[in-house]
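Q: Line by line, the protein sequences are chains U and R.
Residue numbers for the first sequence follow this note's numbering, beginning at -8 and rising by one.
Residue numbers for the second sequence follow this note's numbering, beginning at 21 and rising by one.
Among the hints, a few may not be true.
[Claimed, not checked] Calculated lysine to any residue pairs in the SDA-like style (CA-CA distance at most 25 Å, straight line):
no., chain 1, residue 1, chain 2, residue 2
1, R, K264, U, D52
2, U, K33, R, S261
3, U, K98, U, L(-5)
[To be verified] Here are the computed distance ranges between Cβ atoms for each label pair:
no., chain 1, residue 1, chain 2, residue 2, range
4, R, D168, U, Q38, 32 to 38 Å
5, U, E31, R, S261, 21 to 27 Å
6, R, T241, U, T42, 34 to 40 Å
7, R, Q87, U, D21, 42 to 48 Å
8, U, E31, R, K77, 42 to 48 Å
9, U, Q38, R, Y65, 37 to 43 Å
10, U, L26, R, K253, 36 to 42 Å
11, R, E45, U, Y19, 34 to 40 Å
12, U, K44, R, D168, 20 to 26 Å
13, R, Y65, U, Q67, 25 to 31 Å
14, R, K75, U, T42, 23 to 29 Å
15, U, L26, R, E45, 44 to 50 Å
Calculated from the structure, these hints are not laboratory results.
Ideal Cβ placement from N, Cα and C applies to all residues, glycine included.
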Amino acid sequence: MLFLDTYHRPVIKQIDAQQIVSFHQLGYFDTIENLLNRLEKKLAKIQTYKTTKHYFLGMFDNLNKDLATISSEVYQKKEPLEKDLIVLKRNIDFITRMKINLISFIKE
Amino acid sequence: MADSYLFTFQYLRFGKQFMIDVNQEYISEAICNLFGLVGAKENIYYNSLYTPFNKGKIKECIKEIAQYLGLPIEIILSYVPSNYVPTHSESQRFTSPSLVATDSNKRGRAGITAEVYIPNNLPLYGSSSLKNFPIKVKISENINEYPDTFMVVMAHELSHIVLYSLQHSKKENEIYTDITAMLLGFNEIISNGRKTVKQHEQRSLLSTTTITETVTYGYLTDSNFNFAHNKIKEIVSQNKSSKKISSSKAPSYINNLKH
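Chain U on its own, in the form it takes in the complex (with noise of 0.2 Å):
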């Protein structure tokens, strides 16, 4: 967000100027921020699991369905994301999209 705030295209569509707009709104990330930081508690307690030998009623149960619960969310919130930025992505300016581009497939 930061990044295109600062290099951004110098003429954007209506539309997606709107969608931008919305992105800066209050709480946006929020959901998504929440979603993730359930889901790296739950990995960690995953972690800790991992080497336990002990073991208790119900503890990968309720671990596997809070799990799935979480992933379902994480896919549910994925594609409006992933909507998003492209809206994001197509706004950049030209140069720094390329700068971008180049950099990603040097790294790969």
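With chain U held as given, fit chain R onto it using these hints.
A: Structure of chain R alone, referenced to chain U:
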């Protein structure tokens, strides 16, 4: 001994004299109840017990058994002669049949002795006060002759402490005690050490007869033991595979996040 009572357990059993025959539903219920309370552990590594045992570090070995059972206690170990017959004073709350096979004079002639004293002020399971809490253990001098039996007996005896520190309603129940040890990582050790087979020859003028003597330790009958053994094995393996599934799914969740 004024503030404590003695739990004496004499473990060598002949035939099915001391076995308690209950149905498999009872065993199932006990496993469910105890799994809900103490969970289930993967089997303890043999070497972690046999290495100190073979080096003569018996206290270390008992401590290791206790640790695996979730008891970070301090062991105060003392030895008794192999023909030791436990004496029971009024302050002793529990007396069990003889650990050692006794002759007509009540003198031990085979087997080993293990006694664990359970004090009245035993802290709760999992509490910090249990750390280094002193527990007196008496064992007979001849334990080196029966390493497998020794592990089985100690796991059983210390499981009484687990149930006592949980203030479990079945803390005096021998079947629950056996199952506690099995759930907490001694399933295989008990399976391997619960039976000892001894052979000796009886010679006469005309023939030589080989006599095989099988001694079974523990309170579970063979069929109940096998049932409990398999059920606990299943619980542990189910949890192990759930752990694998969780671990294998983790990268896909992370990848989902990255892309």
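Q: For every hint, state whether the structure bears it out.
A: So, going through the hints one by one against the coordinates:
As the CA atoms of K264 of chain R and D52 of chain U are separated by approximately 13 Å, the hinted pair is consistent with the 25 Å bound. Proximity of K33 of chain U to S261 of chain R is assessed by CA-CA distance (about 18 Å); at most 25 Å being required, the pair is judged to hold. Simply put, K98 of chain U and L(-5) of chain U have alpha-carbon atoms about 22 Å apart, close enough for the 25 Å limit, and the pair holds. Between D168 of chain R and Q38 of chain U the beta carbon distance is about 37 Å. The supplied range of 32 to 38 Å therefore holds.
The given range of 21 to 27 Å is respected by E31 of chain U and S261 of chain R, whose C-beta atoms sit roughly 25 Å from each other. For T241 of chain R paired with T42 of chain U, a C-beta distance near 37 Å keeps the hint of 34 to 40 Å intact. For the pair Q87 of chain R and D21 of chain U, the supplied restraint of 42 to 48 Å holds, since their beta-carbon distance comes to about 46 Å. Between E31 of chain U and K77 of chain R the beta carbon distance is about 44 Å. The supplied range of 42 to 48 Å therefore holds.
The supplied range of 37 to 43 Å is broken by Q38 of chain U and Y65 of chain R, whose beta-carbon atoms lie about 23 Å from each other. At roughly 39 Å, the beta carbons of L26 of chain U and K253 of chain R sit within the given window of 36 to 42 Å. At roughly 57 Å, the beta-carbon separation of E45 of chain R and Y19 of chain U lies outside the given 34 to 40 Å, and the hint is violated. For K44 of chain U and D168 of chain R, the hinted distance range of 20 to 26 Å is satisfied, since their beta carbons lie about 22 Å from each other.
Range check, Y65 of chain R to Q67 of chain U: Cβ separation about 45 Å, and the 25 to 31 Å hint is violated. A C-beta distance of roughly 27 Å is found between K75 of chain R and T42 of chain U, which places it inside the suggested range of 23 to 29 Å. For the pair L26 of chain U and E45 of chain R, the beta carbons lie near 45 Å from each other, so the given range of 44 to 50 Å is met.
In terms of the numbered hints stated before, the structure departs from hints 9, 11 and 13, listed from lowest to highest.
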